[in-house]
Amino acid sequence: MTKGVQNVSQVQIKVDNLNLWYGEKQALKNISMQIPKNSVTALIGPSGCGKSTFLRCLNRMNDLVKNCRIEGKISIEEKDIYGPDVDVVDLRKKVGMVFQKPNPFPMSIFDNVAYGPRIHGADRKDLDSIVEQALRSAAIWEETSDRLKSPALSLSGGQQQRLCIARTLAVKPRTILFDEPTSALDPISTARIEDLIMDLKKDYTIVIVTHNMQQAARISDYTGFFLMGKLIEFGQTRQIFQNPQEQSTEDYITGRFG
Amino acid sequence: MAREQYVKQLDLLRESIFSLGEIVELAFKDSMVAVIDLDVELAAKTLALEAEVNNLEEEIESSIFDILALQQPMASDLRLVVSALKITADLRRILGLSMNIAKIPGKIEGKHIKPLVDTKKMSDIATYMLENSLQAFKTQDVELARVAASRDEEVDMLFYAVWVELIEMMAKDTSIISKATYLLFLIRYIERIADHCCNICESVIYLATAEKIKLN
Amino acid sequence: MGLSSKTSEKIAFSLLILATLIVAGFVLIILGYIILNGYGAINLEFITQMPNRMMTEGGIYPAIVGTIYLIIGSMSVALPIGVMAAIYLNEYAGESRTTWLIEMAINNLAGTPSVVFGLFGLALFVKYFGFGPSILSASLTLALLILPVIIRSTEEALITVPKEYRESSLALGVSKWQTIRHVVLPAAIPGIITGSVLSIGRVAGETAPILFTGAAYFLPRLPDSVYSQFMALPYHLFVLATAGTNIAKTRPIQYGTALVLLIIVLSLNLVAVLIRRHYRNKLKI
Numbered sequence: 001m002t003k004g005v006q007n008v009s010q011v012q013i014k015v016d017n018l019n020l021w022y023g024e025k026q027a028l029k030n031i032s033m034q035i036p037k038n039s040v041t042a043l044i045g046p047s048g049c050g051k052s053t054f055l056r057c058l059n060r061m062n063d064l065v066k067n068c069r070i071e072g073k074i075s076i077e078e079k080d081i082y083g084p085d086v087d088v089v090d091l092r093k094k095v096g097m098v099f100q101k102p103n104p105f106p107m108s109i110f111d112n113v114a115y116g117p118r119i120h121g122a123d124r125k126d127l128d129s130i131v132e133q134a135l136r137s138a139a140i141w142e143e144t145s146d147r148l149k150s151p152a153l154s155l156s157g158g159q160q161q162r163l164c165i166a167r168t169l170a171v172k173p174r175t176i177l178f179d180e181p182t183s184a185l186d187p188i189s190t191a192r193i194e195d196l197i198m199d200l201k202k203d204y205t206i207v208i209v210t211h212n213m214q215q216a217a218r219i220s221d222y223t224g225f226f227l228m229g230k231l232i233e234f235g236q237t238r239q240i241f242q243n244p245q246e247q248s249t250e251d252y253i254t255g256r257f258g
Numbered sequence: 259m260a261r262e263q264y265v266k267q268l269d270l271l272r273e274s275i276f277s278l279g280e281i282v283e284l285a286f287k288d289s290m291v292a293v294i295d296l297d298v299e300l301a302a303k304t305l306a307l308e309a310e311v312n313n314l315e316e317e318i319e320s321s322i323f324d325i326l327a328l329q330q331p332m333a334s335d336l337r338l339v340v341s342a343l344k345i346t347a348d349l350r351r352i353l354g355l356s357m358n359i360a361k362i363p364g365k366i367e368g369k370h371i372k373p374l375v376d377t378k379k380m381s382d383i384a385t386y387m388l389e390n391s392l393q394a395f396k397t398q399d400v401e402l403a404r405v406a407a408s409r410d411e412e413v414d415m416l417f418y419a420v421w422v423e424l425i426e427m428m429a430k431d432t433s434i435i436s437k438a439t440y441l442l443f444l445i446r447y448i449e450r451i452a453d454h455c456c457n458i459c460e461s462v463i464y465l466a467t468a469e470k471i472k473l474n
Numbered sequence: 475m476g477l478s479s480k481t482s483e484k485i486a487f488s489l490l491i492l493a494t495l496i497v498a499g500f501v502l503i504i505l506g507y508i509i510l511n512g513y514g515a516i517n518l519e520f521i522t523q524m525p526n527r528m529m530t531e532g533g534i535y536p537a538i539v540g541t542i543y544l545i546i547g548s549m550s551v552a553l554p555i556g557v558m559a560a561i562y563l564n565e566y567a568g569e570s571r572t573t574w575l576i577e578m579a580i581n582n583l584a585g586t587p588s589v590v591f592g593l594f595g596l597a598l599f600v601k602y603f604g605f606g607p608s609i610l611s612a613s614l615t616l617a618l619l620i621l622p623v624i625i626r627s628t629e630e631a632l633i634t635v636p637k638e639y640r641e642s643s644l645a646l647g648v649s650k651w652q653t654i655r656h657v658v659l660p661a662a663i664p665g666i667i668t669g670s671v672l673s674i675g676r677v678a679g680e681t682a683p684i685l686f687t688g689a690a691y692f693l694p695r696l697p698d699s700v701y702s703q704f705m706a707l708p709y710h711l712f713v714l715a716t717a718g719t720n721i722a723k724t725r726p727i728q729y730g731t732a733l734v735l736l737i738i739v740l741s742l743n744l745v746a747v748l749i750r751r752h753y754r755n756k757l758k759i
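Chains as they are written, first to last, in our numbering: chain A, 1 to 258; chain L, 259 to 474; chain X, 475 to 759.
None of these hints come from the bench; they were simulated from the model. Check the hints yourself; a few may be wrong.
What the hints assert, rightly or not - Pairwise CB distance ranges, derived in the manner of DEER restraints:
# : chain 1 : residue 1 : chain 2 : residue 2 : range
1 : L       : Gln393    : A       : Asp16     : 56 to 66 Å
2 : A       : Tyr22     : L       : Ala309    : 53 to 63 Å
3 : A       : Glu250    : X       : Ala567    : 47 to 57 Å
4 : A       : Lys66     : X       : Val497    : 37 to 47 Å
5 : A       : Val65     : X       : Met558    : 51 to 61 Å
6 : X       : Ala579    : A       : Asp126    : 19 to 29 Å
7 : A       : Lys25     : L       : Phe323    : 36 to 46 Å
Cβ atoms here follow ideal geometry from the backbone N, Cα and C, with glycine treated the same way.
So that you can see chain A by itself, here it is in the shape it has in the complex (with noise of 0.2 Å):
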């Protein structure tokens, strides 16, 4: 059964009862939803509930994992994601990914934005300006224009999240999945991230795990509640921040969980 969020104009990601094993262990189990197109998706739970392992396999970053094996069904813009034709690299420049941990190359900063594009062929003289759009797109080109040469390893934590963000968006994906992007970072650049993925579902369908309740509330216009590898709830954020549905998810929210 699908939950939450019917009639959706759009649809952007389709699951159909996905099931993942690590070895013998079930990590998910018949997970199914659809993830509107141009919205921030959230996805909550405790840790080890599965939100994370579930977000790797949007961008089959889980088939870098020894003996995970995955059933079921993941349809993104309506092409089955684990299809027999499907080019796994090419995948992934259309559903970029941020991590939790800043970690940008230790290159210059205009050389990280401009890695991927390079990789994949943009022409040596549009280079200029497609780093520039994805640094303003990123809400960093102000702090950068003037030193694009030095290391991006210089920059502050929340600045080198935001030279992530740039570097994915770069690649021009439709889908951006942000993987605790906060979690290492102080409040103002919370913040900040924050407000860039509000702006940024503009352009793009956005999906992110945090483990950051409140975070979800802020930001999101849809949330997923994740238990024990199980989909519990998935509807309007404002609807599951209100009036959950579901026990479980009333716990979790109201912190009265465990």
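Based on the hints, put chains L and X in the right spot on chain A.
Positioned in the frame of chain A, the structure of chains L and X alone reads:
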């Protein structure tokens, strides 16, 4: 500026309270004109405002719940949201009382039993209190809130004066009891409206200074 | 009754200091001894002339050149193979029984005495492939000797490249090989260089492997091809010190040779340190 959307949400909440205030103010003023002139048409027009207020009130409440549930407002933001909730309730009561006032013209046949001089004075003061408590909310002007609330005493004094006068008139001439009772209700409504204005002033002072005080 | 924690702290600290002083002391003594005894022998002639009069006079020029040839020859074989093998083992092979066996073999190879490498080189390169005693045979033998060191240190360097770099590159739709080439290898270069430096020291200093594969006892001319025999500093030193016609007379030449060898190794180390620092600066802040 961080948290742009949230800041916008708070601004929007403030704006909605302003518009609610304007409609309620209009409803009270028109209901008073209607009752003094016994203008049934204006009274009907005034009564029609209730639906609009109901919609706006619902919007404000749901946006307050959204902000509380989703944005975790703190400090002055928290006071704004709490004050907004209380002010909305007060405005809603003032509107309710104005609706009661606007129903009176339809029930009184012929003329009033006396010229409504002191009642008019009461309503002028209450109008002043309402206008200025809302103005104080807009500008977070604590002094203005105190001044506006201080006029409540005059309203109370006029209320007792008119009350006694009406009782005396009824004792002399029992045929006017029906009409006089409506006027008793009327002054009671106005007196209550002034009290709600005091509550709004209290909320404004709490919003601006975090002090909880009683003004009436 | 045990010692108070303060006392045991003091004792431990003193022992550590003592150990450090002993090590540093020996290094200084060896260096000082060689420098004091050797610097008198060194002059322009010594490093540019052929040895003559049964090595009791003249310079060590061919031995210097031979050692440098060995370094270049063995590194140009061992470095690419070692780095590629390490990349395969660390990035592609995964954890299987075969990988485990290969890793074990590499570890054992690293522990094999160098004289065994020498004999192996003699059998394989000199005899079986027919390269004869030559720079080629000796370089290949030395390459085998340092291969495990290079593989090990490259693997170590690759492991220390944060997994986040790989993940975020892959997440950008970059293939695995491109990720290794553009992100992982550049970040691992300082570590790889460190490993190579250790190997260069060994190549320059080993005697046993070249003994059987091409080093000449006395050869007062420069090698003219990779198939030529050659002289090398460590073997030359060994010969002077043990088999020379007049050991006492050649003593200053012995110390001079040792000093030159030391200078070559140390300056190569210095170059490596500089290269590493250059990359570090480029990569980090």
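Each hint, compared with the structure:
1. The hinted range of 56 to 66 Å is satisfied by glutamine 393 of chain L and aspartate 16 of chain A, whose Cβ atoms lie roughly 58 Å apart.
2. As the Cβ distance of tyrosine 22 of chain A to alanine 309 of chain L is approximately 59 Å, the hint placing it in 53 to 63 Å holds.
3. Checked against the hint of 47 to 57 Å, the pair glutamate 250 of chain A and alanine 567 of chain X passes, with Cβ atoms roughly 49 Å apart.
4. Separated by about 43 Å at the C-beta atoms, lysine 66 of chain A and valine 497 of chain X satisfy the suggested range of 37 to 47 Å.
5. In this structure, valine 65 of chain A and methionine 558 of chain X break the distance hint of 51 to 61 Å, their C-beta atoms being roughly 26 Å apart.
6. In this structure, alanine 579 of chain X and aspartate 126 of chain A break the distance hint of 19 to 29 Å, their C-beta atoms being roughly 49 Å apart.
7. For the pair lysine 25 of chain A and phenylalanine 323 of chain L, the beta carbons lie near 40 Å from each other, so the given range of 36 to 46 Å is met.
When held up to the earlier numbered hints, the structure conflicts with 5 and 6 and fits the remainder.
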